[in-house]
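Asker: Top to bottom, those sequences are chains C and V.
When the letters of the first sequence are read in order and numbered with the working numbering, they come out as residues 1 to 115.
When the letters of the second sequence are read in order and numbered with the working numbering, they come out as residues 1 to 110.
Source of the hints: derived by calculation from the structure; they are not laboratory data.
Ideal Cβ positions, reconstructed from N, Cα and C, are used throughout, including at glycine.
Check before you lean on any hint, since a few could be wrong.
Which residues of chain V face chain C? A partial, calculated answer using Cβ under 7 Å [said to hold, decoys possible]:
no., residue
1, Ala29
2, Ser32
3, Arg37
4, Cys40
5, Pro44
6, Leu46
7, Leu47
8, Ser49
9, Ser52
10, Asn97
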Amino acid sequence: SAVISQKPSRDICQRGTSLTIQCQVDSQVTMMFWYRQQPGQSLTLIATANQGSEATYESGFVIDKFPISRPNLTFSTLTVSNMSPEDSSIYLCSVLGAGRSYEQYFGPGTRLTVT
Amino acid sequence: RKEVEQDPGPFNVPEGATVAFNCTYSNSASQSFFWYRQDCRKEPKLLMSVYSSGNEDGRFTAQLNRASQYISLLIRDSKLSDSATYLCVVNWGSQGNLIFGKGTKLSVKP
């Protein structure tokens with residue numbers, strides 16, 4: 001499986017500010033995803049990051065709040081904009097595996113606290 | 001509505017015990033099924049994919065019943081290191097989107 005890194009690993013931010021999270025993969029991958037895991041909850045898909053086109057957002061998530069970039073096949077960023085305490089969460093990127101069965105592999109996550 | 005339901009847990013078992021987790025999913029068109037393991041404050045890691053014929057990997061056995069939309073994971077001879085949260089995961093749609101269950105916490109005691 002691919003080696004995935006995320007930066008920053010954690011951050012504490014003030015409400016109203018924005019944070020950009022980076023996801024780097026050590027090999028080219030066709031599909032990258034961004035998830036959120038709120039405290040005590042499971043993972044929720046935010047969006048699929050498409051190379052060369054706009055991200056595809058899930059219901060309840062919008063581009064103005066979570067803009068995503070995917071400039072190439074090894075890198076993506078997620079920005080959490082105009083943050084509020086409700087955005088405190090772990091944000092994880094993942095990549096689609098090379099097999100036929102849609103398995104995904106996750107980065108280590110970014111732990112965000114908004115005060 | 002996209003749903004994956006799991007046993008709420010937690011499961012507290014002694015070392016050496018056999019433990020079973022169950023999961024149901026709502027989308028009959030789902031094609032891929034997985035069990036992930038998530039340790040505290042870590043990212044989820046793929047434990048095993050689940051195939052229609054059932055599959056086994058060492059002490060772990062996964063079963064899929066498409067008619068009942070039901071997935072199971074059996075862990076034999078539990079080890080202390082098996083303590084984690086086990087997530088039932090189902091794909092949704094043609095883009096490979098995954099829907100995660102809320103997870104079942106397993107604690108294996110000496």
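Asker: Look at each hint and say if it fits the structure.
Answerer: Results of checking the hints against the structure:
1. Ala29: This hint is violated: alanine 29 (chain V) lies away from chain C, its Cβ roughly 13 Å from the closest one there, beyond 7 Å.
2. Ser32: Result: holds, 4 Å to nearest chain C Cβ.
3. Arg37: violated (11 Å)
4. Cys40: violated (12 Å)
5. Pro44: This hint holds: proline 44 (chain V) lies near chain C, its Cβ roughly 5 Å from the closest one there, short of 7 Å.
6. Leu46: Cβ of leucine 46 (chain V) sits 5 Å from chain C, so the hint holds.
7. Leu47: Where the cut-off is 7 Å and the nearest Cβ of chain C is about 10 Å from leucine 47 (chain V), the hint is violated.
8. Ser49: Given a least distance of 5 Å, the restraint on serine 49 (chain V) holds.
9. Ser52: This interface hint is violated because 11 Å lies over the 7 Å limit.
10. Asn97: holds (6 Å)
Checked against the numbered hints above, the structure breaks hints 1, 3, 4, 7, 9 and satisfies the rest.
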